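This is what each chain is made of:
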Amino acid sequence: MTADVGGGRPAAAAPSSSPFAIELKGISKSFGPVQANKDVNIAVPKGTIHGIIGENGAGKSTLMSILYGFYKADAGEIFVNGKLTAIPDSQSAIRAGIGMVFQHFKLVQNFTVLENVVLGAEDGALLRPSLAKARKTLQDLAQEYELDVDPDALVEDLSVGHQQRVEILKALYRQAEILILDEPTGVLTPAEADHLFRILKGLRDQGKTVILITHKLREIMEATDNVSVMRRGTMVGTVKTAQTSPEELAELMVGRKVLLEVEKQPAHPGKVVLSVQDLRVMDEIGVERLKGVSFEIRAGEILGIAGVAGNGQSELLAALGGIQPATGTVMMNGAALPLSGHDANGRTRREAGIAHVPEDRQMLGLIMDFTAWENTAFGYHNEPKYQKNALLMDNDAIRSDTERKMATFDVRPPIPTLAAKNFSGGNQQKIVVAREIESDPDLLLVGQPTRGVDIGAIEFIHKQIVALRDAGKAILLVSVELDEIMSLSDRIAVMFDGRLMGFRDPETTNERELGLLMAGVSGDAA
Amino acid sequence: MTKLPTWADVVLVPLISLALAAIISAFVLLGIGQSPTEAFWVMVDGAVGSAYGWGYTLYYATSFIFTGLAVTVAFHGSLFNIGGEGQAQLGGLGVAFVCLALPWPHWTLALPAAMVGAALFGAAWAAIPAWLQAKRGSHIVITTIMFNYIASALLIYLLVNVLRPPGQMDPATANFPPGTHLPTLNEIPGLNLIFTKKVPANISLFVALICCWLVWLLMWRTRLGYEIRAFGKSEKAATYAGISSFKIIMVAMLISGALSGLMAINNVMGESGRLVQNASEGAGFIGIAVALMGRNHPVGVLLAAILFGFLYQGGAELGLWTTIPIELRTVVQGLVILFTGALDQMVRMMLGVFFRPRAQARAS
Amino acid sequence: MDYATFLQVLDTTLRLSTPLLLACLAGLYSERAGIFDIGLEGKMLMAAMSAGAVSYLTGSVWIGLLAAIAGSLLFAVVHGLASITFRGNQLISGVALNFVASGITVLIAQSLFGQGGRTPPLDGAARFNPITLPLADQIAGVPIIGPFYSEVISGHTFLVYVGLLMVPLSWWVLYRTRFGLRLRAVGENPASVDTAGISVVRLRYTAVLITGILCGLAGAYMSTGLQAGFGKEMTAGRGYIALAALIFAKWRPWYCLWATLLFGFFQAIALRPDVIENTIGISIPVPALDALPYILTVVVLAGLVGKAIPPRAGGEPYVKER
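Residue numbers (the numbering used here), protein chains in the order written: chain F, 9 to 534; chain L, 237 to 600; chain C, 4 to 325.
Bear in mind the hints are in silico, worked out from the structure with no lab data behind them.
Hints are not guaranteed to be accurate.
Taking lysine to aspartate or glutamate and the EDC-like style, the derived pairs with C-alpha atoms no more than 20 Å apart in a straight line are [to be verified]:
| no. | chain 1 | residue 1 | chain 2 | residue 2 |
| --- | --- | --- | --- | --- |
| 1 | C | Lys235 | L | Glu517 |
| 2 | C | Lys323 | F | Asp190 |
| 3 | F | Lys209 | F | Glu230 |
| 4 | C | Lys323 | F | Asp291 |
| 5 | L | Lys472 | F | Asp377 |
| 6 | L | Lys469 | F | Asp377 |
| 7 | F | Lys429 | L | Glu471 |
| 8 | L | Lys472 | C | Asp140 |
The structure presented is a predicted model; accordingly, all values stated were derived computationally and were not measured.
For reference, chain F alone in the conformation it holds in the complex (with noise of 0.2 Å):
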């Protein structure tokens, strides 16, 4: 049955005598200064699940995307079923039978499933041939390995958890022997992430090579047959998933032992900060993103919102820090905010005393081109501390302030006249979280704060919101990670669909009744 797959072409992996699937040896590769893998060394045994797993830069996903022919290795070989093989483009790889789902898909949103599927493995110069083969394959894989998709859907009409579907059906389609998966589940509801898991046993059981990319350990636990650590570039040590523990793979990943819960004191809530009634965002295409949202944050309080990515957060922080219109009543202080038209905006927002540090800091928090001191002021323009006069901005002022700020939170290095874009995205999320943390506002709002972000950043920004909290300021915290939301709120809302399925204190809640929140079962719908 397998071998009928995608058709009359001969099966890309030939048998052989070599035990290992994949075997790479001393890939390394440089971006500029930037030392990304460092002599790596791997070997993966052919019909298993093999779990890569280290923080983010580590250099997981170069060295994947090194097997895929994506980047060309500085130096280093890639051994295919044992044979030698070079991969300098996709093409190679897709023909020595690697396929790849990656982390940001790679469909084209306004194609249908069937073209996507297609495209780049058609048969002919004409396409229908092509398509309706693929149909006809595609039917057969969803029967193999529980891959359903309606075929003739547009990929932008598609769930996250069926676009990446489509992205392993792609893969199958070019017959893929040997299938890696970057961060698959970081878009998933836990029941999705357990369904994926599902069908990539399913692969493996039909003989198939999975290589599984990511920083959660608990997937580690419950997916892979063996998982190889690997930190800083390096490759640190590969063991059998049964034989190992979470804690022994913490501490391989980090090179020390971790500390997983944030120090904090128990909270001492005031009085209401921000009042939330009835918030409802509709997005440009006129779909309802946020589908009437209520809630209280009190002085002195952390409330974290968990949900998996796109399910009504985004829009959340965005109808509250001004950037997008929104309907219902927010309360800030006791004075109603605008919502929508002229005045929703971030600096109405600012002087109000709500500060942001938004999800996405190199698209919305900072601006890449300009120095530090300028993205210091970035918000804060018109703030009289950094005016000279009616007319001028007062620079001496801003880059001063910048170097005060740069030298508490550690940023480094701490050259204000430095465009942002030269910071590491640890130092880049310290600029802002600095300049945020800074104004002295009565409510931060914060999303992802630690996304991409160095494990020593990640302790520092943690601590800041904390002590943030302890100086009596309300706080907003939004995040995909469930570590996260756990260590540092003081009360959790799940976030579903764009609706809030309900309150939990982190002392008595667990990952898995939040994980079924977070997947809109049992919810308490607020």
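Use these hints to put chains L and C onto chain F, whose structure you have.
Here is chains L and C on its own, set in the frame of chain F:
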């Protein structure tokens, strides 16, 4: 790719681009059977070989400073204003209305009024494409180009049917009253020691220089400039910071249009003393090359404007003394825009080859 | 307006629509592949001059046509270099090439012929002559249909029919072939094409070259079909109008036809002040009529477009993300 030092990026990239444009132009000249060296010396001689030549070069440069600054301000807001030509034509109309409205007693009174007229008309002509971009998302490049054509038709109509004095044959306004005459460089005490013959460069040159300084102040020292630059770099981030896209698009384009319009005090009021057809002679387009070559900085714009003044005056001399068509100017202008604005990466890569060995030497 | 006048206007519409249509389809390939091309104007101009000059020198319009395509392709390659290989600003590249074309066409024509940047008038085999379609004369007498067929449909030059045939052909290429699928994909999400093992660079160059060829046809039609010879700036903004039509057409081949027919109609009535005066009862000054196509272009861009979603990767150089 090797990262260039800042000075190389700012100074060498435009110079290499210019050299490439010159080399290709030389080949074009060879291709049509002309001598590039002869052409070059005719241009140098005619444009900068004498105070008289400089008087013309600076006259053209004055216009190009205005239009170059106009393109620069819009560029910083990520708006590509190709409508400088039409806005300059309308600026001329504004100057004409002001100058013909009153029997002005002295240029010191007429000039500020004419500047207001020029800036208002130029800004008004930029306002419609700006509004359409801000509110309707209409592609500003296409709309400003269309407005150039419309401006040209409008001026023909007005000059032929409305503003032309009875009995006059050529489509132009009446001569402006004597009190609107701007002092030319040869009429300014002190400078008349250098410029002994009558030259078209006039007091507008100093207005242009002041505009350079004002634009620098605006872009790098005021909140508005900060907002324009922030918006230009990232529209999404600007929204986050509470910067209104509508306001920035409108204001940046109005300033841009006003600067283009201001050019008319140089050519219409300063040089011809009446409004003729196609008075701006393509200076609005040159502004694009000047802005790109000047790296969107007023100092760069000033230098690039002088360079293009040289090219223009030199090109006119070519038309006088050789059989090389004057359109050579347009070719060079296009090539400069191409190399500085679109093939700048290529130029950087070429330069990177030279800087790489040095960077490696330092590293070891 | 009587039927005969109406047919005359339609006939002119079709003639004037042709360069717009060819340029619009040219832009379609490029923009569908994610490369903005404001330089249609320059390529047309270059092609018009090449066709005019070479047709005159060789006496054969066919060689002139080839020269037009070559001239246009030269500019297309430079635009490709700037926007694909060197990831430059596509708008600026297009504008720059328009200036170069504007200057160099006059430079070349002047040095070849010394007639103020014009090429000498073409006649006979040096230009495209009207083709009478089969049965045109026979059914001319049939009421309504007959004159329509013989006046409007029949009697155009070769390139008019090529332009009309390019519409279904382009539709078929875009939606029914492997190449079309990939072309549309690369304009929407080049990463999807890249990860499928197809070269983004090659696809985009192919698109840009097709744009060059079609602009070559458009330009050749200007100097050897619509008119008999090249004149300075003879394209008069048609490249930009074609772009406006492309936006109006929402980047779809059949809509391109309707949009360019509309713009061609604007140009056609601008040539007939008498018809306008008879229809609306007011005399409109000639400069206003000259400006009419440009004004209507702005109006179309401003009001009638609605939500036109351009190809998502349009204008952005493709860089592999890290």
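Is it true that the CA of Lys472(L) sits at most 20 Å from the CA of Asp377(F)?
-> Distance ~14 Å between Lys472(L) and Asp377(F) Cα, so the pair holds.
For the pair supplied as a hint, Lys323(C) and Asp291(F), confirm whether the alpha-carbon distance does not exceed 20 Å.
-> violated, 29 Å
Hint consistency between Lys469(L) and Asp377(F) [alpha-carbon to alpha-carbon, up to 20 Å] | holds, 7 Å
Pairwise hint evaluation, Glu230(F) against Lys209(F), where the allowed Cα distance is 20 Å at most = holds, 11 Å
20 Å limit on alpha-carbon distance, applied to hinted pair Lys429(F) and Glu471(L) | Since the Cα atoms of Lys429(F) and Glu471(L) sit roughly 17 Å apart, the hinted pair holds (cutoff 20 Å).
For the pair supplied as a hint, Lys235(C) and Glu517(L), confirm whether the alpha-carbon distance does not exceed 20 Å.
-> holds, 15 Å
Compare the distance between the alpha carbons of Lys472(L) and Asp140(C) with 20 Å, and conclude whether the hinted pair is satisfied.
-> The given pair, whose Cα atoms are some 62 Å apart, is violated under the 20 Å limit.
Hinted pair Lys323(C) and Asp190(F), Cα distance within 20 Å = Within the cut-off at roughly 16 Å; holds.
The structure fails hints 4, 8 (numbered hints given earlier, in ascending order).
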